[in-house]
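2 protein chains.
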Amino acid sequence: MLIVQKYGGTSVANLERIRAVAERIINYKKQGHDLVVVVSAMAGETDRLINLAKQIMENPPLRELDLLISTGEQVSSALLSIMLHSFGYPAVALLGYQVPIYTTELYTKAKIKEIKTEKIKDYLSKGYIVIVAGFQGVTETGDITTLGRGGSDTTAVALAAALGADLCEIYTDVEGVFTADPRIVSNAKKLKKISYEEMLEMASSGAKVLEMRSVELAMIYKVPLVVRSSFTDAEGTLIIEEDEEMEKVVVSGITYSRNEARISIYGVPDRPGVAAKIFRPIAEKGIIVDMIIQTSHPDGKADITFTVPRTDYKQALEIIEKVAKELNAERVEGDDKIAKVSIVGAGMRTHYGVATKMFETLAKHGINIMMISTSEIKISCVIDEKYTELAVRALHEAFNLGEELFVKEEKIG
Amino acid sequence: MLIVQKYGGTSVANLERIRAVAERIINYKKQGHDLVVVVSAMAGETDRLINLAKQIMENPPLRELDLLISTGEQVSSALLSIMLHSFGYPAVALLGYQVPIYTTELYTKAKIKEIKTEKIKDYLSKGYIVIVAGFQGVTETGDITTLGRGGSDTTAVALAAALGADLCEIYTDVEGVFTADPRIVSNAKKLKKISYEEMLEMASSGAKVLEMRSVELAMIYKVPLVVRSSFTDAEGTLIIEEDEEMEKVVVSGITYSRNEARISIYGVPDRPGVAAKIFRPIAEKGIIVDMIIQTSHPDGKADITFTVPRTDYKQALEIIEKVAKELNAERVEGDDKIAKVSIVGAGMRTHYGVATKMFETLAKHGINIMMISTSEIKISCVIDEKYTELAVRALHEAFNLGEELFVKEEKIG
Numbered sequence: 144m145l146i147v148q149k150y151g152g153t154s155v156a157n158l159e160r161i162r163a164v165a166e167r168i169i170n171y172k173k174q175g176h177d178l179v180v181v182v183s184a185m186a187g188e189t190d191r192l193i194n195l196a197k198q199i200m201e202n203p204p205l206r207e208l209d210l211l212i213s214t215g216e217q218v219s220s221a222l223l224s225i226m227l228h229s230f231g232y233p234a235v236a237l238l239g240y241q242v243p244i245y246t247t248e249l250y251t252k253a254k255i256k257e258i259k260t261e262k263i264k265d266y267l268s269k270g271y272i273v274i275v276a277g278f279q280g281v282t283e284t285g286d287i288t289t290l291g292r293g294g295s296d297t298t299a300v301a302l303a304a305a306l307g308a309d310l311c312e313i314y315t316d317v318e319g320v321f322t323a324d325p326r327i328v329s330n331a332k333k334l335k336k337i338s339y340e341e342m343l344e345m346a347s348s349g350a351k352v353l354e355m356r357s358v359e360l361a362m363i364y365k366v367p368l369v370v371r372s373s374f375t376d377a378e379g380t381l382i383i384e385e386d387e388e389m390e391k392v393v394v395s396g397i398t399y400s401r402n403e404a405r406i407s408i409y410g411v412p413d414r415p416g417v418a419a420k421i422f423r424p425i426a427e428k429g430i431i432v433d434m435i436i437q438t439s440h441p442d443g444k445a446d447i448t449f450t451v452p453r454t455d456y457k458q459a460l461e462i463i464e465k466v467a468k469e470l471n472a473e474r475v476e477g478d479d480k481i482a483k484v485s486i487v488g489a490g491m492r493t494h495y496g497v498a499t500k501m502f503e504t505l506a507k508h509g510i511n512i513m514m515i516s517t518s519e520i521k522i523s524c525v526i527d528e529k530y531t532e533l534a535v536r537a538l539h540e541a542f543n544l545g546e547e548l549f550v551k552e553e554k555i556g
Numbered sequence: 144m145l146i147v148q149k150y151g152g153t154s155v156a157n158l159e160r161i162r163a164v165a166e167r168i169i170n171y172k173k174q175g176h177d178l179v180v181v182v183s184a185m186a187g188e189t190d191r192l193i194n195l196a197k198q199i200m201e202n203p204p205l206r207e208l209d210l211l212i213s214t215g216e217q218v219s220s221a222l223l224s225i226m227l228h229s230f231g232y233p234a235v236a237l238l239g240y241q242v243p244i245y246t247t248e249l250y251t252k253a254k255i256k257e258i259k260t261e262k263i264k265d266y267l268s269k270g271y272i273v274i275v276a277g278f279q280g281v282t283e284t285g286d287i288t289t290l291g292r293g294g295s296d297t298t299a300v301a302l303a304a305a306l307g308a309d310l311c312e313i314y315t316d317v318e319g320v321f322t323a324d325p326r327i328v329s330n331a332k333k334l335k336k337i338s339y340e341e342m343l344e345m346a347s348s349g350a351k352v353l354e355m356r357s358v359e360l361a362m363i364y365k366v367p368l369v370v371r372s373s374f375t376d377a378e379g380t381l382i383i384e385e386d387e388e389m390e391k392v393v394v395s396g397i398t399y400s401r402n403e404a405r406i407s408i409y410g411v412p413d414r415p416g417v418a419a420k421i422f423r424p425i426a427e428k429g430i431i432v433d434m435i436i437q438t439s440h441p442d443g444k445a446d447i448t449f450t451v452p453r454t455d456y457k458q459a460l461e462i463i464e465k466v467a468k469e470l471n472a473e474r475v476e477g478d479d480k481i482a483k484v485s486i487v488g489a490g491m492r493t494h495y496g497v498a499t500k501m502f503e504t505l506a507k508h509g510i511n512i513m514m515i516s517t518s519e520i521k522i523s524c525v526i527d528e529k530y531t532e533l534a535v536r537a538l539h540e541a542f543n544l545g546e547e548l549f550v551k552e553e554k555i556g
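Chains C and X supply the protein sequences, listed in that same order.
Going by the working numbering, the first residue of the first sequence is number 144, and it counts up by one from there.
Going by the working numbering, the first residue of the second sequence is number 144, and it counts up by one from there.
Just chain C, same shape as in the assembly (with noise of 0.2 angstroms):
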């Protein structure tokens, strides 16, 4: 088979670590398969770096940056290659450039537009590793770009579809997908396997384990992920395409997100374009608005309320109060006190009742919601932030999650 294997950061900590990397991988290269090595910086290193440049000035240039940033990489794959050198096993360490890896000219967020694998074929054909440091690429000019937070989980997913690999394994600090996270809900069970799907509602509302990108990636291409732990032998978590036996799980998993924040605008004249001029100077500042939910009144007037990422609060807040003077809006209010508990299962397509039991338990447990979305196969509420932990225990004991993996349709209400 051939396999890409990727380890972050905290596989590839310290010499003792990489060593144990090297031991993994010679392992799957005794058993005859050929193996493509992605590796994230050293734990820390990236951090490191950015600090330093943030140290210079605020907003560095970007092109810059990624040059200074794309070194953690490169030292890791290069002293992943020579430990696996001080094994006896051939191997080869690939920068960005080198393989090459084409990305967008969009410096610290670039994304990734060909990968040539004749490089890397050529290397495994005369039976190397080949280590292909993550995170980074190439413009057609020759430059470094980096890929953002988890690029390093998109090398290796886009190599593993260019390359056509069999098997695309992401090593973490993780076992692998859980019901809910296992630091609230001591009895969250690791998932045998997951649709992309899932995984993507997942990762869109809180889940940390895989960045969407790399899903969404895996997805299109059909690329078999494993997630799972470079700490221990245990199996990890497979994502592959939707099979009966997913459909027949109603939620797969319970996850949460505290990294939102609400602003309210009231009393704002209902007529069409309202909503266009609230959202377009927040688009303009680059900022994401998840969930928006408007109440019209009868009195003509309506009520808009909408979730942005916790960081960008603060901006947002005074770009809608000065929108909202503009608008003649009765008042704004903000609250980035919040969370976003969501339920995640293949199966909500095609049972019903899903949606209520989420209601009712949170009712149970005097857990107010504030906002509601929903997708095919996720339903998401809005609540206060310190119920966060209470809701996520309360749902994954609701849905039977601890118990057994697969719950059983009857006791679906």
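Treat the hints with care, as some may be off.
It does not matter which identical chain is meant; a pair holds if it fits inside one copy or across any two.
Below, simulated EDC-like cross-link-like pairs (lysine to aspartate or glutamate); rule was C-alpha separation at most 20 angstroms, straight line [said to hold, decoys possible]:
(1) Lys-335 / Asp-316
(2) Lys-259 / Asp-286
(3) Lys-262 / Glu-248
(4) Lys-333 / Glu-318
Source of the hints: derived by calculation from the structure; they are not laboratory data.
Dock chain X against the given chain C, drawing on the hints supplied.
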């Protein structure tokens, strides 16, 4: 003017010093000069990276080692570029492969084959300050190489030659080239100017201010070099082609080296081919022999004494002991407690009595001369290591170097 500047590791050791470097560059820029700036890695970084690799294995694969250690200059060049931006000056950092600086494939000690100057010239024409990561290059297949110790000096001089720069300034932690090591000779004087040849002889005989390779390169391409400190505004030493004024200076400086060891092989048959038998196995191990002295006895036997770098002493001694047996030599002796003291000066070509004065001075202080070697503009004596400082001081005084820069002719015996 187009000026190439090179800043060493101590000059960019931290953000504060990088700021000072940026300010110096901006001063030049304000005067209307075009600037290409070569930087070394932040002090200690290259050693830190090499040490990481050596912790994994004693002899790491050299391609991967170069990939690893080239990150040092990548970081410092990016930081300097960001620093210039923070002052509002457009700058761009270029890596070896981006210039590109093509080298041979001899990893860790590659030689520059060709520098493409189009990209640099393009940035200069747009008003950019161009920062180039020193010490690194790229092979034609896109692999990163490094140029060996002092490689950033070579990068700077090679760039100056390729660009036809008007001046190449080497900024370091000393104020220039001195008549002797100021740590040993308190009244050592900084030389205002010196010829390439003298600088070469001084570098080869122990002065550490510049790597020989970069001086050779400057000499071949007639690049005017300046060595000066990045910590003061003092004028440095100009290294240029020999002129009439220089010819009048009999001795420009006294140098010493404690990096050598002596090996003697006594009583070898004095017949053709013996020297080759002795030195071939040494050369095959990559050990460089500096001085060689052979003396023949009436009985058809000869003694051969030579020096090798002290780091190679043990290995060379083992080889010679083997060779001595094969040749039926009488005995082998070694000594790694020696020093080489040299006097260098362009005026030696036209002045007599210089060597005599040197030998007499050493004799007057009771210092025994073990070996002598001479070139057109240099005389070196190997002495007991413990007399190093005494010899340097005595010669410095004998040739009046501390009193005034240009020794008067009538004083030479």
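Verification of the hints:
1. In the homo-oligomer, the alpha carbons of Lys-335 and Asp-316 lie at most 20 angstroms apart inside one protomer (17 angstroms), although the nearest pairing across protomers, at 61 angstroms, exceeds that limit.
2. In this assembly of identical chains, the alpha carbons of Lys-259 and Asp-286 lie at most 20 angstroms apart whether taken from the same copy (16 angstroms) or from different copies (16 angstroms).
3. Taking the closest pair of Cα atoms, Lys-262 and Glu-248 come within 20 angstroms of each other only across two copies (18 angstroms); inside a single copy the shortest separation is 23 angstroms, beyond that limit.
4. In this homomeric assembly, Lys-333 and Glu-318 come within 20 angstroms of each other (Cα to Cα) only inside a single copy, at 7 angstroms, whereas the closest approach across copies is 65 angstroms.
Of the numbered hints stated above, none is contradicted by the structure.
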